[in-house]
Amino acid sequence: MTDIVLPLLIAVPIVAAVAPLLLSLWSTETGWPVATVAALIETGLAAVLLRSVYLDGRLVHEVGGYPAPYGIELVGDGLSAPIVALVAVVSLGVLAFARSAGPRRNSFYSAYLLCVGGLMGISITGDLFNMFVFLEITGIATYALVAADRSGESAIAALKYLLLGTTGASLFLIGVGYALISTGTLNMVDLSVRLAEIYTTPGGSRVVLASFGFIAVGLGLKAAIFPLHTWQPDAYTYAPDTVTVFIAALASTVYAYALGRVVLTVFTVDFFDAVPLAQDGLLALATVSILAGSALAAVQSEVKRMFAYSSVAQFGLVVAAFALATPDSVLGGVIHLVGHGLMKGGLFAAAAILAARHGARTVDDYARLGYRSPVVAAALGVLGFALVGVPPSIGFLGKWYVALGAVRAEAWPVAVVVFLSTLFTLVYVARLLERLYFADPGTAATPAPGEAVTDGGDEDETADRVDSRVPDSVSVGMVAVVVLTALVVVALGFATSGFETLLDPVLTEVFSQ
Amino acid sequence: MIELLATRWAYAAFILLMVTGIYMMIANANLVKKVIGLNLFQSAVFLFFIASAYVVDGSVPIVHSEGGGGPYVSPLPHVIVLTAIVVGVSLTAVALALIVRIYGEYGTLDEAVLREVSDD
Numbered sequence: 001m002t003d004i005v006l007p008l009l010i011a012v013p014i015v016a017a018v019a020p021l022l023l024s025l026w027s028t029e030t031g032w033p034v035a036t037v038a039a040l041i042e043t044g045l046a047a048v049l050l051r052s053v054y055l056d057g058r059l060v061h062e063v064g065g066y067p068a069p070y071g072i073e074l075v076g077d078g079l080s081a082p083i084v085a086l087v088a089v090v091s092l093g094v095l096a097f098a099r100s101a102g103p104r105r106n107s108f109y110s111a112y113l114l115c116v117g118g119l120m121g122i123s124i125t126g127d128l129f130n131m132f133v134f135l136e137i138t139g140i141a142t143y144a145l146v147a148a149d150r151s152g153e154s155a156i157a158a159l160k161y162l163l164l165g166t167t168g169a170s171l172f173l174i175g176v177g178y179a180l181i182s183t184g185t186l187n188m189v190d191l192s193v194r195l196a197e198i199y200t201t202p203g204g205s206r207v208v209l210a211s212f213g214f215i216a217v218g219l220g221l222k223a224a225i226f227p228l229h230t231w232q233p234d235a236y237t238y239a240p241d242t243v244t245v246f247i248a249a250l251a252s253t254v255y256a257y258a259l260g261r262v263v264l265t266v267f268t269v270d271f272f273d274a275v276p277l278a279q280d281g282l283l284a285l286a287t288v289s290i291l292a293g294s295a296l297a298a299v300q301s302e303v304k305r306m307f308a309y310s311s312v313a314q315f316g317l318v319v320a321a322f323a324l325a326t327p328d329s330v331l332g333g334v335i336h337l338v339g340h341g342l343m344k345g346g347l348f349a350a351a352a353i354l355a356a357r358h359g360a361r362t363v364d365d366y367a368r369l370g371y372r373s374p375v376v377a378a379a380l381g382v383l384g385f386a387l388v389g390v391p392p393s394i395g396f397l398g399k400w401y402v403a404l405g406a407v408r409a410e411a412w413p414v415a416v417v418v419f420l421s422t423l424f425t426l427v428y429v430a431r432l433l434e435r436l437y438f439a440d441p442g443t444a445a446t447p448a449p450g451e452a453v454t455d456g457g458d459e460d461e462t463a464d465r466v467d468s469r470v471p472d473s474v475s476v477g478m479v480a481v482v483v484l485t486a487l488v489v490v491a492l493g494f495a496t497s498g499f500e501t502l503l504d505p506v507l508t509e510v511f512s513q
Numbered sequence: 514m515i516e517l518l519a520t521r522w523a524y525a526a527f528i529l530l531m532v533t534g535i536y537m538m539i540a541n542a543n544l545v546k547k548v549i550g551l552n553l554f555q556s557a558v559f560l561f562f563i564a565s566a567y568v569v570d571g572s573v574p575i576v577h578s579e580g581g582g583g584p585y586v587s588p589l590p591h592v593i594v595l596t597a598i599v600v601g602v603s604l605t606a607v608a609l610a611l612i613v614r615i616y617g618e619y620g621t622l623d624e625a626v627l628r629e630v631s632d633d
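Sequences listed follow chains A and B, in order. Here the first sequence stands for residues 1 to 513, where the numbers follow the numbering used here. Here the second sequence stands for residues 514 to 633, where the numbers follow the numbering used here.
If you are wondering where the hints come from, they were derived from the structure by calculation, not from laboratory data. Mixed in with the good hints there might be a few duds.
Covered by chain A, according to a simulated footprint, are these stretches of chain B (three or more residues, beta-carbon under 8 Å) [said to hold, decoys possible]:
no.	stretch
1	551–560
2	590–599
3	611–619
Glycine residues also receive a C-beta, built at the ideal position from the N, C-alpha and C atoms.
Construct all of the structure, not just a fragment, from the sequences and the given hints.
This is the structure:
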């Protein structure tokens, strides 16, 4: 009966999303408590799922009692359980952050809960069209969240995200259409069997390749893989800081997971063997993304933008891991998905606190803040080093397994690029840390705490305009979230065996044929 | 080629509409027209699904209790399109709400002007 947690994981936040809207007739301050209760339930359900998958392996729920190829299946396995846990924990952490950081409107929390429900849906669905529906639910909620800041820039960034995100989802739908027309099924496991019958017949691989191409580009657009990333830096930069923490930690993570799921479960490793072009193409895309994202991140002056481009590189790494399709690299890919979600969420949260306290938005603004906000700066340093891949941390584990997979598969270009990306990451993280701790005291003429905070980048607005993205005040809870994230990131660096046990059944199944 | 167009014209129309929609999104500077392009692109995908469900001489897929009565057109793509239409409508609503806000803030919907305003 534990399989009941699967539909509940999706239903609880979506049903709860209605409550803040109804309750705003009575009071406009009810959004946060409702969201917190829902997130706590989600965390409990995710813990049950994680435990069940850890002990018994795959967990399946047939929606409405219709059996698999006809009805929709919800699947909890070693691939989806860590992502579900990440979504649940991060959504709870972001709420702890949002308690004093805002936004406080009830409608914000409705969108927030819808987004959580959509992310859960993408993570555990076993049906390709169902995945599209959840992609769009998540998408619509994310566009609304990005626009939750009342500035014009955030509306433009959200619209840009909407146009590109919808195009991505539609391309995904075309790919699903090709697969449906050639096989007549939408269930992922069933599809993998029937697609295999098609691409092994002579001349039949073209339609499968077309389907793969549309789906890969569609999800690549959603996960912001270079050169399909153009919506992402603006969306991250102009969204309210709370929202940036949330979407940077989860949105692209879950889309990249979806890509991995489709590659491994629907198209399978055999397809890569039969049609090497698919694997080469995806690897090339991922490799370019790592290099370009890292290079772009290294030249940014605004901190949020720098972390945004860094995500482009890190998701390139994850997609490369799934495209390599070896047991080591897939393990690394999943670990890095979870790790990157935590690290990037923590980094954006730390940046939000520094922006609220000192008005620091650019790398130069960070001069000597290490002495004025020692705790947050130290946590930022730990998270930064974890992102580079310094052990012991989950960042090291993920990169290690991806690199190991690349070396064992003798994909030398990928191995070299993974190593180069580490150096690039070190470049921009070191630049930030140098400013934080070793900047010349004379250059530390940043606005004093408590002064009106102006946006460092855009001088065209009236100078006294308050940056509406930053939290109103910094609470102990917000600092605690950042410190806790840093500790978890380090602690998970020792969790190798846990991840291996969790993923072992999936890896055996995927790579057995 | 001609034969292909004669028998598969619905798919040709899908490609044409899709490419037109994408072109509208790229080439038009006006944000509302971009959204219209997006709608066109999505409608093309819907038509693609509907066309794929068609069966020559197929009837409405309502199976009577005694069975038989086929062939039926495939109901699955219809359901998919119905869902996708709902999604498309909500997306258009969100997009238009954002456009209203952008117009209120800047007084223009021209992409080039907006870029100038937010760059300097």
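The hints, checked one at a time:
no.	hint	verdict
1	551–560	holds (count 4)
2	590–599	holds (count 4)
3	611–619	holds (count 6)
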